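Chains as they are written, first to last, in this note's numbering: chain A, 8 to 414; chain B, 8 to 414; chain C, 16 to 156; chain D, 16 to 156.
Hints listed in this document are in silico derivations from the structure and should not be mistaken for laboratory results.
Predicted, not measured: the structure shown is a model, and the values here were computed from it.
Warning: the hint list may mix true and false statements.
Quick list of in silico lysine to aspartate or glutamate cross-link-like pairs, EDC-like style, CA-CA up to 16 Å [unchecked claim]:
id: 1; chain 1: B; residue 1: K150; chain 2: A; residue 2: E270
id: 2; chain 1: C; residue 1: K23; chain 2: C; residue 2: D115
id: 3; chain 1: A; residue 1: K72; chain 2: D; residue 2: D53
id: 4; chain 1: B; residue 1: K145; chain 2: A; residue 2: E115
id: 5; chain 1: B; residue 1: K53; chain 2: A; residue 2: E49
id: 6; chain 1: A; residue 1: K361; chain 2: C; residue 2: D88
id: 7; chain 1: B; residue 1: K271; chain 2: A; residue 2: E143
id: 8; chain 1: A; residue 1: K166; chain 2: A; residue 2: E115
id: 9; chain 1: C; residue 1: K47; chain 2: C; residue 2: D88
id: 10; chain 1: A; residue 1: K150; chain 2: B; residue 2: E270
id: 11; chain 1: A; residue 1: K30; chain 2: C; residue 2: E34
id: 12; chain 1: A; residue 1: K361; chain 2: B; residue 2: D71
id: 13; chain 1: D; residue 1: K125; chain 2: A; residue 2: E79
id: 14; chain 1: A; residue 1: K119; chain 2: A; residue 2: E143
id: 15; chain 1: C; residue 1: K125; chain 2: B; residue 2: D52
id: 16; chain 1: B; residue 1: K361; chain 2: A; residue 2: D71
id: 17; chain 1: B; residue 1: K30; chain 2: A; residue 2: E57
id: 18; chain 1: A; residue 1: K53; chain 2: B; residue 2: D52
id: 19; chain 1: D; residue 1: K125; chain 2: A; residue 2: D71
id: 20; chain 1: A; residue 1: K145; chain 2: B; residue 2: E115
id: 21; chain 1: A; residue 1: K361; chain 2: C; residue 2: E37
id: 22; chain 1: B; residue 1: K361; chain 2: D; residue 2: D20
id: 23; chain 1: D; residue 1: K125; chain 2: A; residue 2: E78
id: 24; chain 1: C; residue 1: K125; chain 2: B; residue 2: E79
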Amino acid sequence: MTDFPILKIRSDFPILSQMVYGKPVAYLDNGATTQKPIRMIEAIDKIHREQNASIHRSVNFLSDKMTSLYEEARTTVQNFIGAPKTSQIIFTSGATGSINLVAFSFGESILKAGDEIILSTMEHHSNIVPWQMACERKGASLKIIPVTDIGELDIEAYKNLFSDRTRIVAVTHVSNVLGTINPVKEIVQIAHSHGVPILLDGAQAVQHEPVNVADLDCDFYAFSGHKIYGPTGIGVLYGKEEWLERLPPYQGGGDMIDQVTFEKTTYNVLPFKFEAGTTNFIGAIGMAESMNYLSSIGLENIQRYEQQLRDYAIQKLGAIPQLRMYGTSEHKAAVFSFILNNVHPYDTGLIIDKYGVAVRTGTHCAMPLMQRFGIHGTVRASFCFYNTMEEVDRLCDALNAVLDLMG
Amino acid sequence: MTDFPILKIRSDFPILSQMVYGKPVAYLDNGATTQKPIRMIEAIDKIHREQNASIHRSVNFLSDKMTSLYEEARTTVQNFIGAPKTSQIIFTSGATGSINLVAFSFGESILKAGDEIILSTMEHHSNIVPWQMACERKGASLKIIPVTDIGELDIEAYKNLFSDRTRIVAVTHVSNVLGTINPVKEIVQIAHSHGVPILLDGAQAVQHEPVNVADLDCDFYAFSGHKIYGPTGIGVLYGKEEWLERLPPYQGGGDMIDQVTFEKTTYNVLPFKFEAGTTNFIGAIGMAESMNYLSSIGLENIQRYEQQLRDYAIQKLGAIPQLRMYGTSEHKAAVFSFILNNVHPYDTGLIIDKYGVAVRTGTHCAMPLMQRFGIHGTVRASFCFYNTMEEVDRLCDALNAVLDLMG
Amino acid sequence: MLISDIQKEIIEEFAGLGEWMERYNYLIDLGKNLPMIDQAFRNDDYLIRGCQSRVWLNAELRDGIVYFTADSDAIITKGIAALMIRVFTGHTPAEIIAADLGFIDEIGLKEHLSPTRSNGMVSMINQMRYYAMAYQAKQQK
Amino acid sequence: MLISDIQKEIIEEFAGLGEWMERYNYLIDLGKNLPMIDQAFRNDDYLIRGCQSRVWLNAELRDGIVYFTADSDAIITKGIAALMIRVFTGHTPAEIIAADLGFIDEIGLKEHLSPTRSNGMVSMINQMRYYAMAYQAKQQK
Ligand SMILES: Cc1ncc(COP(=O)(O)O)c(C=O)c1O
Ligand SMILES: Cc1ncc(COP(=O)(O)O)c(C=O)c1O
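With the sequences and hints as input, model every part of the structure.
Encoded structure:
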């Protein structure tokens, strides 16, 4: 079926051999957070044991080495997403931190009363609430791209949302609930054809397919380290240089300044202007190590294998008649949101957990999307490249057991 | 001289046996960042290998365990700083993140044009710039507590800074440059006698002495994980419940909300209201492990030993006639900022680095304090409880070598 | 029966059950048999906020005794609600406030009660106690 | 002499030196002997921003050739500035723009040139190149 070295890959992730309730864990909650490859675990361990020191501002051997590792991590990220310059890579606390940065700095400097921001119905709360907060401060309002019954963005409706008050578009690259892979290149072009910049939320995309921000031509791109097999507390914001230069800083603190007096403070150059205080430099290096690991396997290979998983899961889950799937676009990641007839997602999750199948249930931080489909939550199984066809089977067996138990 | 188990303690920190330029490193840059005890290194490693899963929002075995560990970490922090309730402990990205949170949320909800904020001349940029940014947005202004020649806050001048427009005071607990331990209890009382709340920047305090926020009666207390022997990318904000309830959220995202619709979003209860998106939960658990380690040694014991180090260093550094010390208060941590006559701090730092002595040189993110003393930077040696008297000697020998070389 | 005796009874019942499957089956049965809450109370005013399963709770005071009714859209949650009602209903506000709910731990439902578990179980227990406190305050007036 | 030949010369000089102590001594001597920048240029307009040691740099174009002068408050930084001037001064803008500064690595000063090392060294080199580019643009007009 595939020459993907799945056994080797699974052995790179120590946690995958954990047993829960006497069964090896089938970890199908990768949309929430991903597991860590040994390379990244060991990189962090080595820093903690041998290399740790403050970056940028101290003058000593350890500090010099640490600074180099940190700035190399920036270059790794740059290459990973195809950014033109390292100075366009800003390390943040996560996708949420990245989006808040843009929503704040853009909001403060650009938004005026009466302005409009375009989001979509399938956004994660992290790509809704920061914009709502900016709108509230500035008297701007949101326009929402609707989602079709199969879980795609309604592109025609999107085109009609633009007005001369539209200031920015913020849309997810891949839906964390439906798995839909949005036609982001087209979506970017449409925004630009109206002279409007666009932020793409890549939290569910960068770990599953090759992403090239220069090719996408988006103005901002945001994602999280912990979802790309890296540590928690680290994330990335990519921005076009012109925008990053133009936006005011977000947080104030050490390292982001040039000169400070109580009368006047001037700011540092990019990317440091947006990195206030001691950043999560160890986390950044860990994330870069995970990216190096992914690159060594090849994002194209990962994508192809995950498509095979997806196709198999569509077939197997489709064979359960009581299962109602949300998100059936052809352009879809291996993410499945569903409800078993008459069974509450929470009950389903609790029971399949006992079979060692780890999923997530609930609204997935996407309440507006739940409202769109008139539901209160789903069961979500989200796969990635260390999952197997057998785990698809285990999920389906567990779901059938739920149906038996609840029947 | 002491029954402090220094050899045992040093063996708890793997990095202390690192060699630089053929010499064991004398790591005297603890004000910038601290080294990691093996307990915390192993805790992080174990999470990465065996326990990692998304917190709060997933329903499965791993996720439940991870959530418990995270919330236990909150309880550990609560106990460590004597906070009345766990809901008053907010995990942030660091001291800078904590202060930005308060400066933003306080600024948005309380500050009006013409209002005043009191800071001091010895603040770190992270406790200056966020307030400047809030002032700029709201048309408020800063009032500055002067620093005396020996590096203490001028308390009489402080008392005279209050007006009926004073809205908040933000002062450091311990100076990162001078080492001065400010009389924070008195400083808090003075603020409260004017009905004004106060934030204490504890970034240089919590790791060196027992801190009890309830006893201090401060309204907010901020510090960083990486300076308390924990991971990077994690920090803490403590706040009085009334203030935390009153302030609006800072960042928007997952987990900090109650209900989201595009028309209206309502927010979660404390502490989650202030923890948007996936927090650095692994970092939080690591930091708690470091705190448990410190508690096992006893903060009083650490404080006593560090005072011995301080007294010895004062005596030894005092014996170098060409050394000019900044910060000579009696109430002082083992932090020493100085300049060798006619030698630029940067030259000093470069040379003593070759002797394996790691310090920091420059403005230490405290430019206003540099301006106060009419200098462009200092050499800073900052000690902690794993340092030794021998390392004081090595510092002094290296400084004498600098004087020889530059003579 | 005292609240502590009811808890003992429940602990014994669960001790007779085997692994998780039997326990869940038991809870599911309890959930199915829990008299539905009056439809009038199945609205947002009676909803206990919790991310996932929704729980509606009502309380009434009659002759100094508190009576709870509840419902949930998730059946296992409803089963747990049925247990909670069995423990608390028919007691005085003072008894409810004083009660120590040790049984939850002993019957292996602790994981359902972590403060941040998004099932509203903790909120439900808190809400039951708040009702009791409110009634007590009223009685003392 | 070509810029590359000057670099070779410097590499050879450093090869004759022993460990860091001799290298630093050499840099310190270079720093001490660097003719001070004209006081007129020792002000903020000529300051190259870097967190720690301050560097002032001036350039002049005479007969198509660029002449640099510099100063720093840190002596080792000043020594490195002296090396940079020795490499770049007396050359045409085109030569300066085309030059590959491999010698820095070879004489063990790489650590002084990490992009974020707060000594302004990288900024100084960039600034020298910017001067050269500006002069070249001017010539081509
Ligand atoms: C007194 C003081 N406040 C705030 C900070 C900022 O801490 P961080 O950079 O970890 O956010 C520091 C450390 O750099 C400090 O010393
Ligand atoms: C599409 C999407 N955007 C944003 C986020 C927020 O990421 P984080 O919580 O890591 O900040 C998530 C994950 O929860 C997501 O799935």
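Consistency of the hints with the structure:
Between K150 (chain B) and E270 (chain A) the alpha-carbon distance is near 11 Å, which keeps this suggested pair within the 16 Å criterion. Between K23 (chain C) and D115 (chain C) the CA atoms are separated by roughly 12 Å; this keeps the pair inside 16 Å, and the hint holds. At most 16 Å may separate the alpha-carbon atoms for a hinted pair to count; K72 (chain A) and D53 (chain D) exceed this at roughly 37 Å. Between K145 (chain B) and E115 (chain A) the CA atoms are separated by roughly 12 Å; this keeps the pair inside 16 Å, and the hint holds.
At most 16 Å may separate the alpha-carbon atoms for a hinted pair to count; K53 (chain B) and E49 (chain A) meet this at roughly 11 Å. Distance check on the hinted pair: K361 (chain A) and D88 (chain C) sit about 21 Å apart at the alpha-carbon level, beyond 16 Å; violated. Pair hint K271 (chain B) plus E143 (chain A) holds up; C-alpha atoms about 10 Å apart against a cutoff of 16 Å. Taking the CA atoms of K166 (chain A) and E115 (chain A), the gap is about 26 Å. The hint is violated against a cut of 16 Å.
Pair hint K47 (chain C) plus D88 (chain C) holds up; C-alpha atoms about 11 Å apart against a cutoff of 16 Å. Taking the CA atoms of K150 (chain A) and E270 (chain B), the gap is near 11 Å; set against the 16 Å cutoff, the hint holds. Distance restraint check for K30 (chain A) and E34 (chain C): the Cα-Cα separation of roughly 15 Å lies within the 16 Å cut-off, and the hinted pair is therefore satisfied. With a C-alpha separation of about 13 Å, the suggested pair K361 (chain A) and D71 (chain B) falls inside the 16 Å cut-off, and the hint holds.
A hinted pair counts as satisfied when its Cα atoms are at most 16 Å apart, and K125 (chain D) with E79 (chain A) qualifies at roughly 15 Å. A distance of roughly 11 Å separates the Cα atoms of K119 (chain A) and E143 (chain A); the hinted pair therefore holds under the 16 Å criterion. Straight-line distance between C-alpha atoms of K125 (chain C) and D52 (chain B) comes to about 27 Å, which puts the hinted pair past the 16 Å bound. A C-alpha spacing of about 13 Å is found between K361 (chain B) and D71 (chain A), which places the hinted pair at or below 16 Å, so the restraint holds.
In summary, the hint linking K30 (chain B) to E57 (chain A) is supported, as the alpha carbons are separated by about 14 Å, within the 16 Å threshold. Proximity of K53 (chain A) to D52 (chain B) is assessed by CA-CA distance (about 11 Å); at most 16 Å being required, the pair is judged to hold. Restraint check: the Cα-Cα separation between K125 (chain D) and D71 (chain A) comes to about 10 Å, which is no more than 16 Å; the hinted pair holds. Between K145 (chain A) and E115 (chain B) the CA atoms are separated by roughly 12 Å; this keeps the pair inside 16 Å, and the hint holds.
Under the criterion of a C-alpha separation no larger than 16 Å, the hint pairing K361 (chain A) with E37 (chain C) is consistent with the structure, at around 12 Å. Between K361 (chain B) and D20 (chain D), the direct Cα distance comes to roughly 30 Å. Violation of the 16 Å bound is thereby established for this hinted pair. About 15 Å separates the Cα atoms of K125 (chain D) and E78 (chain A), which keeps this hinted pair within 16 Å; it holds. Note on K125 (chain C) and E79 (chain B): the hinted pairing holds, with a Cα-Cα distance of about 15 Å set against a maximum of 16 Å.
Consistency note: the structure conflicts with the earlier hints numbered 3, 6, 8, 15, 22.
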